[in-house]
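Participant: Protein sequence lines, in the order shown, are assigned to chains A and B. Each residue of the first sequence is one higher than the one before, counting from 1 in this note's numbering. Each residue of the second sequence is one higher than the one before, counting from 218 in this note's numbering.
Treat the hints loosely; a few may be bogus.
[Unchecked claim] Derived pair list, reagent style DSS-like, types lysine-lysine, alpha-carbon separation capped at 30 Å:
(1) K381/B to K305/B
(2) K210/A to K381/B
(3) K427/B to K176/A
(4) K431/B to K210/A
(5) K214/A to K431/B
(6) K305/B to K342/B
(7) K381/B to K214/A
(8) K267/B to K381/B
(9) K176/A to K431/B
(10) K393/B to K210/A
(11) K427/B to K164/A
(12) K164/A to K431/B
(13) K393/B to K214/A
(14) K214/A to K254/B
Bear in mind the hints are in silico, worked out from the structure with no lab data behind them. Here the structure is a predicted model, which is why all the values come from computation and not from measurement.
Number of protein chains: 2
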Amino acid sequence: MKIAVLGTGQVGNALASKLIQLGHQVMMGSRTSNNEKALFFLSKHASNAKIGTFAEAAAFGEIVFNCTAGSHSLEALKRASEENLNGKILVDVANPLDYSHGLPPTLTIDNTTSLGEEIQRTFPKVKVVKALNTLWCELMVDPGMLNGGDHDIFICGDDDDAKKQVMGLLTSFGWKETNMIDLGHIAKARGTEMYIALWLSIFSSTNNSKFNIKVVR
Amino acid sequence: MKIAVLGTGQVGNALASKLIQLGHQVMMGSRTSNNEKALFFLSKHASNAKIGTFAEAAAFGEIVFNCTAGSHSLEALKRASEENLNGKILVDVANPLDYSHGLPPTLTIDNTTSLGEEIQRTFPKVKVVKALNTLWCELMVDPGMLNGGDHDIFICGDDDDAKKQVMGLLTSFGWKETNMIDLGHIAKARGTEMYIALWLSIFSSTNNSKFNIKVVR
């Protein structure tokens, strides 16, 4: 499959590398297309890896992962352009974190709305699926490295078929269906994004990012 | 021990009943002291149960549980008065939920501060310990009803000795020390309160409040 990964940070890199490993063709998109991190990504993966601008990547991908910094995601997606995104599935992995006031970061959007919802509102013809934004990026693509993969992720979005397709991709990452909790519509992104405040607290008190939560029922 | 439970809702009722069961003397505090719920509580528990105003309860308790509706907690605690609270441990179980705009509720305080922090700021001589605000009240007082008690709660506050005393009480509820995660200072209340948005999403997608999370490490 042709997949766009927007964002060249740790999250984008982890996801793009995994997708290539799984045999997909991946174009990593960034503002300048040839920034240092993008070039490093390209050098690591001989074939199946491409780099481009946000717009070039979005045009290339049949499915698009938003791994840009959440506080700039809407701007990045506008550069990717409606024309290149419409009709496609956008997996929104970002959290709208603002580090400009020091640690811990706060959220630029929260409580009465969420980044996932704002993206869906801004791009009504895009099938936004919020997923994977509640854990460390290495765990996103290799859940088995912790507790035999028995810990949970959350998924939400307005398009059931899009969610099913994303769950298929997540299965290929190693996630079991029983560990993917479908919360419902895209407004549920609020909860998964606000959970990041607790994630950061657990992280800072344990100094360990290799953790996740499991819903015990 | 003499314990005050401020608030006559489900949470206050669950905690006060458990504390009486454990042999403590409990005064349940409310605005009017003799409201219907308080009288019902009194009728259920012949001895060891008392009811009073917020101020009477706070004066009575050696330790105070804040189980008032979070959006009114600061007002309720002001009625309880600094004079009656100073020097004591206040276990803040409340979440600042605002139901006035319909469902899901939003938070009246969040992101850059939290109810726990605001209480600590308003009552600097009170030892505020945030705890138990991340799960259904019946599970708070009977963790063993789920997964043999193997699921986690979070605790935070500025006074280490106060946290230890609260953890002692939680142990008497059935919580194991390995399932109590000390997040650090009271500012970490932000994460546990904001998590409620995810709790509400999980609740509404499963229609089941008998769940909790476990941090898988």
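Participant: Holds or violated: K427/B and K176/A, Cα atoms, limit 30 Å.
Facilitator: holds, 23 Å
Participant: Starting from K427/B, check that the Cα of K164/A is at most 30 Å away, please.
Facilitator: At roughly 27 Å apart (the allowed maximum being 30 Å), K164/A and K427/B satisfy the hint.
Participant: Under the criterion that the straight-line Cα-Cα distance not exceed 30 Å, is the pair K164/A, K431/B satisfied?
Facilitator: The hint holds at about 26 Å.
Participant: For the pair supplied as a hint, K393/B and K214/A, confirm whether the alpha-carbon distance does not exceed 30 Å.
Facilitator: holds, 18 Å
Participant: Starting from K381/B, check that the Cα of K214/A is at most 30 Å away, please.
Facilitator: This hinted pair holds, its Cα atoms lying about 26 Å apart.
Participant: Between the alpha carbons of K431/B and K210/A, is the straight-line distance 30 Å or under?
Facilitator: Answer holds: K431/B to K210/A is near 14 Å, not above 30 Å.
Participant: Is K267/B within 30 Å of K381/B, Cα to Cα?
Facilitator: holds, 27 Å
Participant: Take the C-alpha atoms of K214/A and K431/B, compute the straight-line distance between them, and say whether it is at most 30 Å.
Facilitator: With a Cα-Cα distance of about 5 Å, the restraint between K214/A and K431/B holds, given a limit of 30 Å.
Participant: Next pair to validate is K305/B with K342/B; report whether the Cα-Cα distance is within 30 Å.
Facilitator: holds, 8 Å
Participant: Does K381/B pair with K305/B here, judged by a C-alpha cut-off of 30 Å?
Facilitator: holds, 14 Å
Participant: Next pair to validate is K214/A with K254/B; report whether the Cα-Cα distance is within 30 Å.
Facilitator: With a Cα-Cα distance of about 35 Å, the restraint between K214/A and K254/B is violated, given a limit of 30 Å.
Participant: CA of K393/B to CA of K210/A, is that 30 Å or under?
Facilitator: Holds, because 23 Å separates the two Cα atoms, which is no more than 30 Å.
Violated hints amount to a single one, hint 14; each of the other numbered hints is respected by the structure.
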